[in-house]
Amino acid sequence: MIDRIYHYLSIKQILYALLLVIVLTILLFPIGLPQGISASTRAAYNYVGKLPQTPKLVVDVDYEPAAGTELQPMLGAVLRQVIAKNPKIVFVSTINTGPAMFERLKAYVPDVFAKLKEGDDYVYLGFLTGTETAVASLGKGMKEFVAQDNYGKPTANMPIFNIIDKATDVNLVLVVTSSFDAIEYWVRQWETPYTIPLLFLVLSVIAPSAQPFVSAGQAVGMLSGQKAAAEYELLIGRPGSAVAATDAQSGAHMLIITYIILGNLLYWPMRPRTKKGQGK
Amino acid sequence: MTVAIPFWDLLGTGMGAALTVWLFSFVFKDNLLYKLAEHLFIGISAAYSFVLALDSIMKTGITPLQQGDISILIPMLIGLVFFTKYLSKYGWVARFGPAFVIGIGLGIAVATTPESFILKQVSSSFLPLWIPQNPVMTITNILMTLIVWGGLTYFVFGLVPGIRGGKQSTASKGINRAYKAIMLIGIYGMMVGFGATFAATIVTRVAFLIGRLIDLIASPEASIVATILVALAIAYAYRTEKTRASTTARKP
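The listed protein sequences derive, respectively, from chains A and B. Heads up: the first sequence runs through residues 251 to 530, numbered per our numbering. Heads up: the second sequence runs through residues 25 to 276, numbered per our numbering.
Please keep in mind that the hints were generated in silico from the structure rather than gathered at the bench. These figures come from a predicted structure and were not determined experimentally. Even for Gly, the Cβ is constructed at its ideal location relative to N, Cα and C. Any given hint could turn out to be false.
So the derived list for chain A, only partly shown, Cβ under 8 Å to chain B, looks like this [said to hold, decoys possible]:
hint, residue
1, Leu-274
2, Thr-275
3, Pro-302
4, Phe-377
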């Protein structure tokens, strides 16, 4: 029987299959592992909580569908916290998948968007070509730079732009991104010239590269990965998809750690041996 | 109360689940349905980007022009210049487009880069090495400082003679030992950094997998049908491979 399995499946395929089975099983039957709140998530939560009434925010929806699993719950949780303050929000995207992700976001947090009136309280400017140049131009005047929003409505008569138009009007920028490039653009074009506070909502893989900006005080904080999303959901008291997925993530990590230990144990007797004095 | 889900939403979710299963099937065996999913992904991505680019041209170029803003003609002309590369006689004009775009991009980025990426980063690496009543922070800061020194030392080439092989003078042996020690700290610090980045990559990939599996769970019927179909496609791929192998073996 085992021989027949090996005939069709390599060890790599068996390891992948096991990973799939473990993750799927935990997703279907969650374990309910205890969740702690990290200091960085709490700091970001406290910062957002201390924003003035009617805060003026810019949100860069800069991720693709795959990254949505980590970033959408995170952004949803932050928006749910900030909605109580009656915010004014300008959403933009510097990646071409942004418009599709924004529609998904609207469907993910309908309670947030039900409280916001389009044109008065929020606007989505859509995908802006030009990457860093676009980010720089936004800071000088959003209404003038983008004549129409994502849905083709002229921005000239939108009341929101009477309150929030230039970088200096903004209280906080949420850079929700799956790429390090976006972080560089916002730091270079908004934080350095205008000292606008930035909050990074990033994938785990971006976190090590983005951390130096947080340590240097160029960003007020950073939320990274599904763990931070789950923590934020718990902090606002609305456990959602991130909390549900954290068990599966922990299970997958435990399995990968087991793979690494087993791999090293199996490799140990096979390691290349060198005689003394022969070198490697 | 039952909520009616629009047909197109249902179809989209089902197709998403099926395409996910078909793409994952590559781990087990390349097959027809994987290839179909791969080609669909590339085709749809290209079409999506093309439509968005057109929409962007309409919004930022055509509409302002229709409203009488003739200044937009200048960037439009620079954009059109890109296409002259298809004209053999005037192909050289195409260089002006990228030159303009790169020039503007560089100009905008360079203005703030020294402050953002050098001055602030360097000043934030000057840490207090003794914080009373906070031993954890003290140790962290000392480690950080040593790793920064070590990392920088590793990338300083040729400062101490003989450090990377070659002839060593007796006088420089002591300096070399100290130099090597600090360089070693830098190497280990960088290894820890690379390890953390690799671990973070795994975390992200697992999160991507979880995201796809959540979508599969959301449409179980489509997932099951897609799995059965892909199992058949894999079986067919194995059979074709076997037939080919036996045909090749029979040939003289």
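Verification of the supplied hints:
1. Leu-274: Holds, about 6 Å.
2. Thr-275: Violated, about 10 Å.
3. Pro-302: This hint is violated: A/Pro-302 lies away from chain B, its Cβ roughly 26 Å from the closest one there, beyond 8 Å.
4. Phe-377: holds (6 Å)
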